[in-house]
Structures are given as structure tokens and as C-alpha cells.
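> Knowing the structure of chain A, use the given hints to seat chain B on it.
In order, the protein sequences belong to chains A and B.
Positions in the first sequence are counted from 1; adding 1 to them yields the numbering used here.
Positions in the second sequence are counted from 1; adding 639 to them yields the numbering used here.
In short, the hints are calculated from the structure, not lab data.
Glycine included, each C-beta is placed from N, C-alpha and C at the ideal position.
Restricting the straight-line Cα-Cα distance to at most 25 Å, the calculated cross-link-like pairs of lysine-lysine (DSS-like) are:
#, chain 1, residue 1, chain 2, residue 2
1, B, K752, B, K715
2, A, K205, B, K712
3, B, K752, A, K205
4, A, K205, B, K715
5, B, K648, B, K712
If we take Cβ atoms under 10 Å as the criterion, some of the chain A residues that face chain B in the derived model are:
#, residue
6, R181
7, Q184
8, A188
9, R190
10, D191
11, L194
12, A195
13, E197
14, C198
15, M199
16, G200
17, V201
18, P202
19, T203
20, L204
21, M256
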Amino acid sequence: MKLNRFWVGIVVVFLAGLAFTKIADNEFYFYAIYAVLQLMVMGIAWNILGGFTGYVNFGAGGFFAAGAYTTVFLHKALDGPPLLVAVVVAPIVCGLIGLGIGYLTLRLRGVYFAIATLAVAIILETLVINWEYVGGAGGYYFLIPEEIPFFDSYVEWLFTVILVITLFAIVVSRYLNSSRIGQGLAAIRDDELAAECMGVPTLKLKLISTTVMGALMGMAGAPFPYFITFVEPVSTFSLLIAVNAIAVPMIGGTMTWVGPVVGAIVLGSIQEIVTVSISSELNMLIVGVVLVGFITLAPQGITGVYRDFRDKRRRRNE
Amino acid sequence: MSEEILSVKDLTKRFGGFTALDAVNVSLSGRERLGLIGPNGSGKTTLINCISGALVNEQGSVIFRGQEVTGLKASKRARLGIIRSFQIPRPFRSMSIIENLLIPMEYAASERKEHGQLRDQAMEFLELVGLNDRADENSSNLTQIDLRRLELARALSAKPSLLLSDESMAGLSSSEVDEILDILLALNERGVAVIMIEHIMRAVMKFSERIVVLDAGKKIADGSPDEIVNNPDVERAYLGE
Numbered sequence: 002m003k004l005n006r007f008w009v010g011i012v013v014v015f016l017a018g019l020a021f022t023k024i025a026d027n028e029f030y031f032y033a034i035y036a037v038l039q040l041m042v043m044g045i046a047w048n049i050l051g052g053f054t055g056y057v058n059f060g061a062g063g064f065f066a067a068g069a070y071t072t073v074f075l076h077k078a079l080d081g082p083p084l085l086v087a088v089v090v091a092p093i094v095c096g097l098i099g100l101g102i103g104y105l106t107l108r109l110r111g112v113y114f115a116i117a118t119l120a121v122a123i124i125l126e127t128l129v130i131n132w133e134y135v136g137g138a139g140g141y142y143f144l145i146p147e148e149i150p151f152f153d154s155y156v157e158w159l160f161t162v163i164l165v166i167t168l169f170a171i172v173v174s175r176y177l178n179s180s181r182i183g184q185g186l187a188a189i190r191d192d193e194l195a196a197e198c199m200g201v202p203t204l205k206l207k208l209i210s211t212t213v214m215g216a217l218m219g220m221a222g223a224p225f226p227y228f229i230t231f232v233e234p235v236s237t238f239s240l241l242i243a244v245n246a247i248a249v250p251m252i253g254g255t256m257t258w259v260g261p262v263v264g265a266i267v268l269g270s271i272q273e274i275v276t277v278s279i280s281s282e283l284n285m286l287i288v289g290v291v292l293v294g295f296i297t298l299a300p301q302g303i304t305g306v307y308r309d310f311r312d313k314r315r316r317r318n319e
Numbered sequence: 640m641s642e643e644i645l646s647v648k649d650l651t652k653r654f655g656g657f658t659a660l661d662a663v664n665v666s667l668s669g670r671e672r673l674g675l676i677g678p679n680g681s682g683k684t685t686l687i688n689c690i691s692g693a694l695v696n697e698q699g700s701v702i703f704r705g706q707e708v709t710g711l712k713a714s715k716r717a718r719l720g721i722i723r724s725f726q727i728p729r730p731f732r733s734m735s736i737i738e739n740l741l742i743p744m745e746y747a748a749s750e751r752k753e754h755g756q757l758r759d760q761a762m763e764f765l766e767l768v769g770l771n772d773r774a775d776e777n778s779s780n781l782t783q784i785d786l787r788r789l790e791l792a793r794a795l796s797a798k799p800s801l802l803l804s805d806e807s808m809a810g811l812s813s814s815e816v817d818e819i820l821d822i823l824l825a826l827n828e829r830g831v832a833v834i835m836i837e838h839i840m841r842a843v844m845k846f847s848e849r850i851v852v853l854d855a856g857k858k859i860a861d862g863s864p865d866e867i868v869n870n871p872d873v874e875r876a877y878l879g880e
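In isolation and in its complexed conformation, chain A is listed as follows:
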């Protein structure tokens, strides 16, 4: 019955989101929730490679930006196609980038892999800076369509799109986590050589992992230019985006698909509240403080703390 409850939850959240666009008038809510959900998708994506498979990567921001720039490219090449075209094409492009980079870098382990992914992000940024077609270093302005069918404003439509992307990411992540593939990824994370010798096709699974990570990151980035309306390389490829994506599963917990979901709700909400009530400059400080707090006090994240608590209680009851 657990499966049913999950799918019911997905549908309920989706319908609640749709209803919300009809009820709420204040556009701020859509912007705020959009930011939280975008963070959630990035956290989920990062966690598939970083948490499930144990390959920490600092290049997540590069994939996100590659998704955003796929949208820019399509916007220019096809003269402003519907957003959904980008949402479909960007993950394909970024998934392929992930596959290629995975093939080149996955023989590296630990710190070396992390540095290699960082380098990849920098290479992608350099490429975009020098690519005049998508605006180069100067950036690219997006004109948002004035009207959109079914929705009162464009941001409501964007909100709906990111909501669907988020739910899709959750479904993918949960599938990977609980399936045979997920077991294999966990074995790789624990001990790659032992996994290989126990019949786990490690290279294949790692490539699946990087491809899915890249695709989901790209999906998160695809609607970003519409959301921000002006894209330029330095901020889109910012390391801060990567740091946020890492912070989310670290806070929520890396072992299960639930971790990044919880982490994004906690971190994203704090960030949005602070942005409004104090200052947006404080955001990074908050990420830092929360991250340090969790790493020292609860390295397993919120879901890890909850699991320990549950296990302890069960043992006491026995």
C-alpha cells in the first residue's frame, strides 16, 4: 500500500499547486515557492550522484547553467518556442553532457573527481562567455510572453512547470533509490571494488547516475531564464548555485530520496523568509551556518536523525 500512498501524495500536491494558482493573488508566493522548488530539484539531482552513489561533485552548477543556456539557445534559434520545448530538450542535452563527462572522469575517485567536476563547470562557463550567439559575457534578455492560456500571469505558469519538474524528479529519485539500481549504487558508495567483485556493473551504474544527475540539473535550469528574465554566465554558473545544491541533501540526509526534499523545504524556506524580512545578502551566510551546524551535529541530516530516533524507540519497545 505504500506505493499507492506515494502516488496519491504526488497527485494531491500537484492538484493543490494548481488550486493555489487560482486562489493566491500575491505573485510573491509564486516566486518564493519557485525558488524553493528549484532548489529541491537541484538537491535531488545532486543527491543521485553525490548521495546514492557517493561521488561528490562541485560541478552541479555547470549542469544547471547548461540547462538554462539550452533554453537561451532554443529561444534564439527557434524564435521563442514554448517553454515546454526547452524543458524537454535541456535534460537531453545535459544528460548527454553528464554521460560524456562521466565517461571521462568516473575513473577518478573522491577529491579528484570533485575537482574534475569543478573544472568541467569552469570549462562550460568559459565556452558560454565566448559564445556570442547566446549573449556571451554580456548576457541575454528574455521577453516573457504577456499572456499565457489558463493562467493569470506567467509566473503562475512557471510555478506550475517547476512543480511538475519537482514531482518528476522525486519520482525518478525514489525509483532509483528503492530499485535494484539503487541497491547497486549504494554498494558502489560503500565499497566500489567489493561491489564490482559481487557482480555489480559499476561503470554502467555510475554512468546512469551521472546521466540522470545531469538531466535533472538541466531540467531545473531550463525554466530559469524565464524566471530571472536576464541570463549572464557569471551568476548562472555561480559556485553558489552548486553549494546550495550540495547543502540541501547535506541538511536533509543523503541516503534516501526524502532527504533532499526535506532539506530543500527547510533551507529554501529559511532563505526566502530571511530574504524578505532581513536581507538577501544574508542568504549565503545562512547556508554556511546551517551547513556547518548539520555537519557537526547531525552528519546524517534530518532524515538520519529521524531514523536513529525511530530505531531507538523501537528498540526500547522491544
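This is chain B only, laid out in the frame that chain A set:
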């Protein structure tokens, strides 16, 4: 003797300029128990690594059940039935004991059964090594002997036809050595051929039907335990002239 299950032909492995294995030939028939001994650094573990696919040999070939497996990855060989245990146990630490067994069952043995059935089967293996009442405990806080037991149970659950056991008894007490020996013998009863690397002579002599001796990457002797004990070359390798 039943038919040949493994044949290692002229296997050579170099690390840079160092020749770890030099044209080694070993063959093994199904269900045979082979002891692999030799002084430290003689290439025993390297040979196991080359047979299991953890290392790639430069020359020579490994033929398993009539099939050339030389270029194959370790995971592929595991699925064919070549399974190894590690000298230093390498459990999947985030998993419970029984979950450790489910990995090789699903991957190496490609079992496509219901989760419950797999668990029952895994419990059977745990019973054999005596870990059955701790199945759901986390594998990261096991004692040394229990780690060895888990290592063997995990190897067993991969349904091997050839088990490469790399010093499964190092550092164990005398009674614990007997316990591991019993497990290996029980495994062999089930039809698994075993190559055992071991420094504890008592265990090797008791377990092996045949013994191969390596010294500085070369095979210097191959015969029954009695022959090996009386072989002057072996004595020289271990004790010097």
C-alpha cells in the same frame, strides 16, 4: 576428478618494471580444494586479482569453464561464477548484514525473485556462517571474526562455482580458524571449487587436496600436501638455503 573448471595459462602481470607474476600455469577441476601458498610478496593475491578480474594481466589467459575471461570485467566474471573474498573484509557498511547478501544475489547470481524469497535464501546462507540471529544488525560494528563470516556468506550468496578465498583466517584465534575452515568445507560440499590463500599452515594442510606454491611470481611446486611438505624447493623458498 571432475572436468576442469579453471585454467590459467602463462599468466604474466607486471607493475611497472616489477614482474609480480611470471608465466604462471594453474588448473583446477570442479569441486577441487586448492591451497595457494608462498612467502610474502610472492604474488598470491595478484594471482587472485587476475583471476577475479580486479587486475588485468598483460600476457597469458584465464579460461573459466571453457570460456576465455581474460578481458572481462570483474562484475562479468562474478556473474559467470568467479567470486572472491577479500583479505581485509570489505562489507557494504551502510547496509545491514542481510542487505550485504542481497547485493550479490541480485547482481552476481541475477536472482529475479520476490524480495521475501531472496531474504529467506539469504537467511539460509547466514545460518551456515552463524550470523542468522543478527541479520538486521548494521554491518559496520561487527567483530573481526563476524566480518570474516559475513565476507564468506556474501561470497556464498553470489552462487559461485569458484571461490577465491584470500586469507580468510588471518588474525583469528585457533578455534575461530577451525570455524572458518568448517564454513569453507561446507561450501565445498555444495559443489564450489575453492582456491584458498593462507599463511596458517595447519589450515592449508587440512583443507587442501592440492597445493600450489608461488615464489617471487613463479610457480615452484604443485602437488598434494604431503609432496609439498617434502619438497626441497619449497623449503628453500620459505627458509632460505
